[in-house]
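Engineer: Okay, here's what each chain looks like letter by letter:
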Amino acid sequence: MNEMTKIAAVTTLKDWETDQEVRWCPGCGDYAILKAVQRTMPEIGADPANTVFVSGIGCSSRFPYYMESYGFHTIHGRAPAVATGIKLANPELDVWIITGDGDALSIGGNHTMHVLRRNLDCQIMLFNNEIYGLTKGQYSPTSRVGTTSPSTPQGSVDRPASPCAFALGAGARFVARGFDISKNLPDVLKAAHAHKGAAFIEIFQNCIVYNKDVFNDFAMPKGAEDRQLWVQAGEPMLFAKGTKGIALDVAALTLKVVDVIDGDWQTAGVIVHDVTNRSVAHMLVELPFGPFPMALGVIYDDPRPTYEEAVRSQNAAAAKGKVPDMAALLAKGQTWTVDAGAGHQG
Amino acid sequence: MATQIAETAAPEPVTNPESENVVVRFAGDSGDGMQLTGGQFTLSTALAGSDLATFPDFPAEIRAPQGTLFGVSAFQINFGSSQIDTAGDAPDVLVAMNPAALKTNVGALKPGGLVIADTGEFGKRNLDKAKYAVSPLDDGSLAKWQVMAFDISALTLEAVKPFGLGNKEALRCKNMWTLGLALWMFDRDRAPIVDWLNDKFRKMPVLAQANIAALNAGHAYGETAELSGPLRQRQIGPVESAPGLYRTVTGAESVSLGLVAGAQLAGLPMFFGGYPITPASAILHHLVRLKEFGITTFQAEDEIAAICSAIGASYAGQLGVTSSSGPGIALKGEAMGLAIMTELPLVIVNSQRGGPSTGLPTKTEQSDLYQAVYGRNGDAPLPVVSARSPADAFDAAIEAVRLAVTYMTPVILLTDGYIANAAEPWKVPDPSTYTPFPVSFLKEKNAGDELLPYKRDASGARPWIKPGTPGLMHRIGGIEKAIDTGHIDYSPATHQAQTDARRAKIDGIAQDIPAQDVCLGDTSGKLAVVGWGSTYGPIHQAVLRMRRRGLDVSHIHVRHIWPLPANLGDLLRGYARILVPEMNTGQFKTVLRDQYLVDAQPLTKTSGQPFTIAEIEDAICDALGTPRGGDFGGEVDADTTQLPSIEAVNP
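These protein sequence lines map, in sequence, to chains P and F.
Start counting the first sequence at 1; every next residue gets the next number (our numbering).
Start counting the second sequence at 1; every next residue gets the next number (our numbering).
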């Protein structure tokens with residue numbers, strides 16, 4: 001997002017809705033994400049005229065058509081590359097990339113890696129439903145082993161990619177997680193927007209048709225307390241109504257679940273979430289669900305200078321004191337003159 | 001020179017049919033600095049006022065094993081006091097820095113031509129690597145040429161002795177010694193080279209001094225050697241040129257300059273997205289140094305990101321440009337479709353090389369014409385513009401920019417490896433003589449209270465709307481869209497109407513490009529030789545010579561490959577025969593047949609080398625049923641004049 005140099009625009013949720021009929025399947029998690037974004041935009045003072053949603057291909061990538069802002073529905077996997085050109089051409093624009101697990105991690109994996117590595121100032125919302133929905137249900141790079149699908153009738157055999165671990169490995173300076181129906185999603189989006197640089201948000205999204213309820217283990221309200229670990233900067237990593245926490249197993253250099261007695265998390269050794277701790281971020285995104293709760297919220301947030309700023313300042317330095325004189329440019333180097341009288345001078 | 005377009009049907013001079021020109025080829029190990037030597041000789045020659053054309057030829061390997069046949073790098077220059085259009089067919093002089101260079105190049109030399117060889121490199125080891133059982137300098141196998149063999153290595157070491165360089169560094173001055181000798185042979189000034197060396201080695205003055213000493217020693221040797229043997233000085237006067245300021249330019253330079261000029265004429269900042277690939281990278285290298293012209297360069301993670309970032313920049317209101325060679329262009333295909341569908345301006349430069357696949361990375365070909373005209377999914381028309389020579393690439397690039405921003409469309413600019421690397425003199429244009437084509441962005445709603453992002457103007461172009469403009473929020477994408485509004489709509493009638501509209505827009509450009517002219521000869525007759533791109537030079541020379549022999553043949557050179565000029569069909573029908581020489585298996589020929597149902601006959605070549613003049617002369621004679629003339633330097637077979645020779649490719 002941009003520096004808050006501009007006066008925040010005053011909008012309402014309605015201002016962010018388009019006149020286009022939303023064409024996702026009834027009950028799709030995308031509806032909830034769309035509403036969360038439309039709810040977030042007024043709260044962060046976003047200006048529709050200055051906002052661009054860029055998407056690739058897939059169910060999630062229809063998203064820009066439903067946001068009353070500038071929108072570019074590009075081609076499969078390439079949204080980060082298009083966004084890079086947009087942001088380099090006009091760094092004032094607030095750029096959101098909308099992508100999915102297949103779009104961002106299969107066909108567009110290369111661009112996802114590089115947009116994160118370069119640290120382009122943008123928000124990347126990866127809708128992870130662990131399936132190819134628009135092409136009718138083939139397994140995706142985030143599908144769990146054994147996923148049966150039209151292309152894997154005997155179950156998939158390859159291990160899934162972990163989007164947040166991929167993002168951290170690619171050098172992301174902001175990594176967060178949420179899920180479609182979570183009431184916390186707008187807060188995660190706000191934090192992503194407040195982060196200057198590439199902000200990566202994995203959003204678990206329920207594909208009601210081809211991969212129904214695969215996130216129910218932690219996303220259902222019932223029992224959520226025990227299965228969701230919402231990390232918050234400066235707060236101890238507690239869950240199960242404060243009766244359990246995450247501590248460091250020093251001997252094994254891993255995280256472990258500890259019981260917290262009478263709220264005394266200090267004695268239990270529960271870690272306070274430091275959003276700038278990259279090592280802990282790596283451990284949090286790799287926590288196996290089951291023995292551990294699902295880590296959610298802003299897992300890592302440690303800004304670095306952005307790519308477009310570096311490019312712009314280098315361009316300005318290179319151009320400094322130079323006048324763009326086309327005639328002089330064309331006549332550069334060693335030249336010679338031919339006179340009308342056929343004379344010749346070196 | 002190649003940039004000058006001859007008057008239609010101008011009477012050709014009948015006197016002095018043999019132009020006063022000399023072809024010199026420098027050949028050596030790829031580490032010997034032959035390209036540098038050739039480049040500096042080119043500069044001196046240009047400064048002396050000769051017209052010239054060059055042909056740099058180097059292996060795909062950066063540093064092939066020393067002394068091997070496939071590691072030979074060569075640079076050919078043709079210069080003279082009359083108009084030069086090609087790098088010349090057969091060399092008059094061959095400078096061979098080692099046995100491999102001699103073996104792979106001597107077959108090209110004209111009978112009676114001069115071989116200059118460095119005996120210091122003709123030891124057993126190098127002879128073995130070049131697969132010579134005995135030294136060709138001793139066994140009489142070079143009898144049909146004049147041979148000057150002397151120990152350039154030793155002479156160089158002697159010349160640079162005072163500077164205390166190590167043996168290896170001292171020997172690296174050999175190329176300057178050789179250049180000094182070549183400068184003496186053609187009475188060229190050493191001063192610009194001395195200036196250049198002082199500048200190049202300004203941080204290491206001792207290297208500058210050593211190289212200058214070698215240069216001077218080579219020059220002095222020429223004066224001494226003239227007393228005996230075949231070495232003699234030749235005078236090549238300045239060419240008759242239009243008055244003005246001149247410089248030399250390579251195609252990569254002039255494409256870059258043309259893109260900058262085009263952006264200036266459009267009043268736009270430029271965004272260039274590229275990915276390293278031979279031979280297109282040079283454009284990125286030039287543009288990256290021109291930031292003061294509002295240019296942003298982006299080395300992307302791959303070819304797809306290179307074009308997609310350029311599309312993003314165009315969407316945001318800059319002139320998006322991307323550049324590559326065949327394999328990279330193939331990867332960009334889907335994104336070109338996106339630019340066609342979203343109707344955003346974009347320039348795609350293809351420096352063609354031999355294909356398919358990796359093909360011949362450092363050699364030239366024109367085999368991406370089908371790819372440019374037809375090579376995308378769906379009905380995806382876009383304009384294709386081609387450059388005919390290094391200097392012409394400047395104007396071609398400006399034309400590509402003009403079409404892109406005027407018609408809101410991606411445009412492909414075709415050059416090739418030969419144009420990209422070759423140099424020729426260029427009369428520096430005055431930028432104020434070019435008509436600007438300033439771009440205007442939509443600032444407010446264009447249909448009363450409504451915004452219609454795809455409302456077309458009379459030419460079929462939609463408005464360009466920059467994100468960031470208040471009140472004009474809208475969505476675009478690669479999916480089929482409704483007329484005017486751009487909302488998703490892939491109903492049958494809509495797709496039919498939009499396909500027709502996209503096609504009509506591009507077809508209409510035919511009315512906005514110059515009518516096709518005849519660059520040499522008559523507007524009707526027995527034979528038209530129709531070319532495009534870098535075949536200009538050999539076709540032009542061949543037609544010129546055949547007309548001097550009295551043959552009824554004309555030269556038509558097409559810049560706008562798609563859409564074709566509106567009058568081209570009628571023009572072609574005015575000739576009894578049509579011959580289309582191209583460095584592919586006959587792609588433009590097919591387009592002409594398809595568009596006009598004319599009996600265009602192909603003359604094809606896919607050796608990775610430009611046509612020789614002789615090859616086209618022969619084809620003209622054959623087409624007209626006239627005996628072949630054989631007018632290109634004696635009995636040398638066309639194939640043996642090729643760079644590189646068969647031995648170099650397949651030792």
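None of these hints come from the bench; they were simulated from the model.
A quick note: this is a predicted structure, and the numbers were derived from the prediction, not measured.
There could be a bad hint or two in this list.
[To be verified] Restricting the straight-line Cα-Cα distance to at most 27 angstroms, the calculated cross-link-like pairs of lysine-lysine (BS3-like) are:
no., chain 1, residue 1, chain 2, residue 2
1, P, LYS183, P, LYS196
2, F, LYS291, P, LYS14
3, F, LYS200, P, LYS320
4, F, LYS203, F, LYS291
5, F, LYS200, P, LYS14
6, F, LYS291, P, LYS196
7, P, LYS332, P, LYS320
8, F, LYS466, P, LYS190
9, P, LYS320, F, LYS443
10, P, LYS14, F, LYS124
11, F, LYS203, P, LYS320
12, P, LYS332, F, LYS200
13, F, LYS203, P, LYS332
14, P, LYS322, F, LYS203
15, F, LYS466, P, LYS196
16, F, LYS443, F, LYS427
17, F, LYS455, P, LYS332
Engineer: Which of the stated hints cannot be reconciled with the structure, identified by number in ascending sequence?
Structural biologist: 2, 5, 9, 10, 16 and 17
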